[in-house]
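Residue numbers (our numbering), protein chains in the order written: chain A, 1 to 141; chain B, 1 to 141.
Hints listed in this document are in silico derivations from the structure and should not be mistaken for laboratory results.
Please note that a few of the clues may not be correct.
Residues of chain B placed beyond 10 Å of chain A at every Cβ, according to the derived structure [what the hints assert, rightly or not]: (1) T43; (2) T49; (3) P56; (4) L60; (5) N65; (6) C89; (7) N91; (8) G138.
Restricting the straight-line Cα-Cα distance to at most 35 Å, the calculated cross-link-like pairs of lysine-lysine (DSBU-like) are [claimed, not checked]: (9) B:K101 <-> B:K53; (10) B:K10 <-> A:K101; (11) B:K114 <-> B:K26; (12) A:K53 <-> A:K101; (13) B:K26 <-> B:K7; (14) B:K114 <-> A:K101; (15) B:K7 <-> A:K38; (16) A:K114 <-> B:K10; (17) A:K10 <-> A:K114; (18) A:K53 <-> A:K7; (19) A:K38 <-> A:K114; (20) B:K8 <-> A:K114; (21) A:K38 <-> A:K26; (22) A:K7 <-> A:K38; (23) A:K38 <-> A:K53; (24) B:K114 <-> B:K53; (25) A:K10 <-> B:K10; (26) A:K114 <-> A:K8; (27) A:K26 <-> A:K8; (28) A:K101 <-> B:K38; (29) A:K101 <-> B:K53; (30) B:K8 <-> B:K38; (31) B:K26 <-> B:K38; (32) B:K10 <-> B:K114.
The structure presented is a predicted model; accordingly, all values stated were derived computationally and were not measured.
A virtual CB, placed ideally from N, CA and C, is assigned to each residue, including glycine.
There are 2 protein chains.
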Amino acid sequence: MSSNLTKKQKISLNTALSQNGLRSTKQRSSVYSVILAKTDHPTADDVLTRVRKNLPTISLATVYNCLETLVDCGLVRQVNFDRAPSRFCPNLRPHAHFKCKQSGDIFDIALDTKSIESLHAVLPEGFSAENFELSFVGNSL
Amino acid sequence: MSSNLTKKQKISLNTALSQNGLRSTKQRSSVYSVILAKTDHPTADDVLTRVRKNLPTISLATVYNCLETLVDCGLVRQVNFDRAPSRFCPNLRPHAHFKCKQSGDIFDIALDTKSIESLHAVLPEGFSAENFELSFVGNSL
DNA sequence: CTAGGTGCAAAAGGTTTGCGGTTAA
DNA sequence: TTAACCGCAAACCTTTTGCACCTAG
Chain A
1 MSSNLTKKQK ISLNTALSQN GLRSTKQRSS VYSVILAKTD HPTADDVLTR VRKNLPTISL
61 ATVYNCLETL VDCGLVRQVN FDRAPSRFCP NLRPHAHFKC KQSGDIFDIA LDTKSIESLH
121 AVLPEGFSAE NFELSFVGNS L
Chain B
1 MSSNLTKKQK ISLNTALSQN GLRSTKQRSS VYSVILAKTD HPTADDVLTR VRKNLPTISL
61 ATVYNCLETL VDCGLVRQVN FDRAPSRFCP NLRPHAHFKC KQSGDIFDIA LDTKSIESLH
121 AVLPEGFSAE NFELSFVGNS L
């Protein structure tokens, strides 16, 4: 097996791809499956290593291209901390990120509707935001 | 004149530098003065262009080094949107950023104490943040 | 005088692109 | 069949670094 997607995941991938006029390939499935399998916010390079267990000949360029495709299709989110390598995340609900200074780990922080509203409330008249990014750096126990 | 710092600004620069065991140079003054002069969040390359009006021989590497020094001294903040070139900002008070999709302009969004508290309130038990970044993308009128 | 800073050029590091061959539909 | 995709390598772009010269203190 070149990927471990559930039937549902396979369907949502293929739907999203075909809605965008894109093909379903084993590279895209494998990359998607790796992103879903472990939500530890891997970099492209991490994804390469993991995908190669199933698809030993995949290239880094293809990983980047697949990730971009998945992000464009709205299946995956790209997370940036400063200028560090981009990380990728299958959590599509609005959430913040917390980076632990000690371990370097990145955690998702759930945001309820009320929090999201109060976030947008900081914007003065005349500003309307389509997206936001909220990230913290600190220590976790 | 190689820079247009006010007396106060000159003092705070020199104080910060000497507190960190660093020298006052005309390159550092000029870069600092450019950052203070126009708070439009210039990139390192923008800063290079502007500083060269006063200091035609300054190199891009020196601009990067000076900016890093100023950031380390706490006089300037580095602002990143995704993986776009870093931008620099003299606003030291806690604030968010808003990037206008149409113009590409970046605006500072002031944050009052209450907003900052409610931001931190999204963190679950066990997480304590030293820093946060909040940025919006959308349209402004 | 001398440690630290500058300018230059080269390297680094992440990401993107061009191209010839491969594959999904 | 054929447009889209892949793998490879080279290019790209921002940022950092090494080194010889210069300068603030």
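Now for the hints, and whether the structure bears them out:
no.: 1; hint: T43; verdict: holds, 12 Å
no.: 2; hint: T49; verdict: holds, 21 Å
no.: 3; hint: P56; verdict: holds, 29 Å
no.: 4; hint: L60; verdict: holds, 16 Å
no.: 5; hint: N65; verdict: holds, 16 Å
no.: 6; hint: C89; verdict: holds, 14 Å
no.: 7; hint: N91; verdict: holds, 15 Å
no.: 8; hint: G138; verdict: violated, 4 Å
no.: 9; hint: B:K101 <-> B:K53; verdict: holds, 30 Å
no.: 10; hint: B:K10 <-> A:K101; verdict: holds, 34 Å
no.: 11; hint: B:K114 <-> B:K26; verdict: violated, 40 Å
no.: 12; hint: A:K53 <-> A:K101; verdict: holds, 30 Å
no.: 13; hint: B:K26 <-> B:K7; verdict: holds, 15 Å
no.: 14; hint: B:K114 <-> A:K101; verdict: holds, 26 Å
no.: 15; hint: B:K7 <-> A:K38; verdict: violated, 55 Å
no.: 16; hint: A:K114 <-> B:K10; verdict: violated, 45 Å
no.: 17; hint: A:K10 <-> A:K114; verdict: holds, 33 Å
no.: 18; hint: A:K53 <-> A:K7; verdict: holds, 21 Å
no.: 19; hint: A:K38 <-> A:K114; verdict: holds, 29 Å
no.: 20; hint: B:K8 <-> A:K114; verdict: violated, 43 Å
no.: 21; hint: A:K38 <-> A:K26; verdict: holds, 19 Å
no.: 22; hint: A:K7 <-> A:K38; verdict: holds, 18 Å
no.: 23; hint: A:K38 <-> A:K53; verdict: holds, 14 Å
no.: 24; hint: B:K114 <-> B:K53; verdict: violated, 42 Å
no.: 25; hint: A:K10 <-> B:K10; verdict: violated, 61 Å
no.: 26; hint: A:K114 <-> A:K8; verdict: holds, 30 Å
no.: 27; hint: A:K26 <-> A:K8; verdict: holds, 16 Å
no.: 28; hint: A:K101 <-> B:K38; verdict: holds, 33 Å
no.: 29; hint: A:K101 <-> B:K53; verdict: violated, 40 Å
no.: 30; hint: B:K8 <-> B:K38; verdict: holds, 17 Å
no.: 31; hint: B:K26 <-> B:K38; verdict: holds, 19 Å
no.: 32; hint: B:K10 <-> B:K114; verdict: holds, 33 Å
Checked against the numbered hints listed earlier, the structure breaks hints 8, 11, 15, 16, 20, 24, 25 and 29; every other hint is satisfied.
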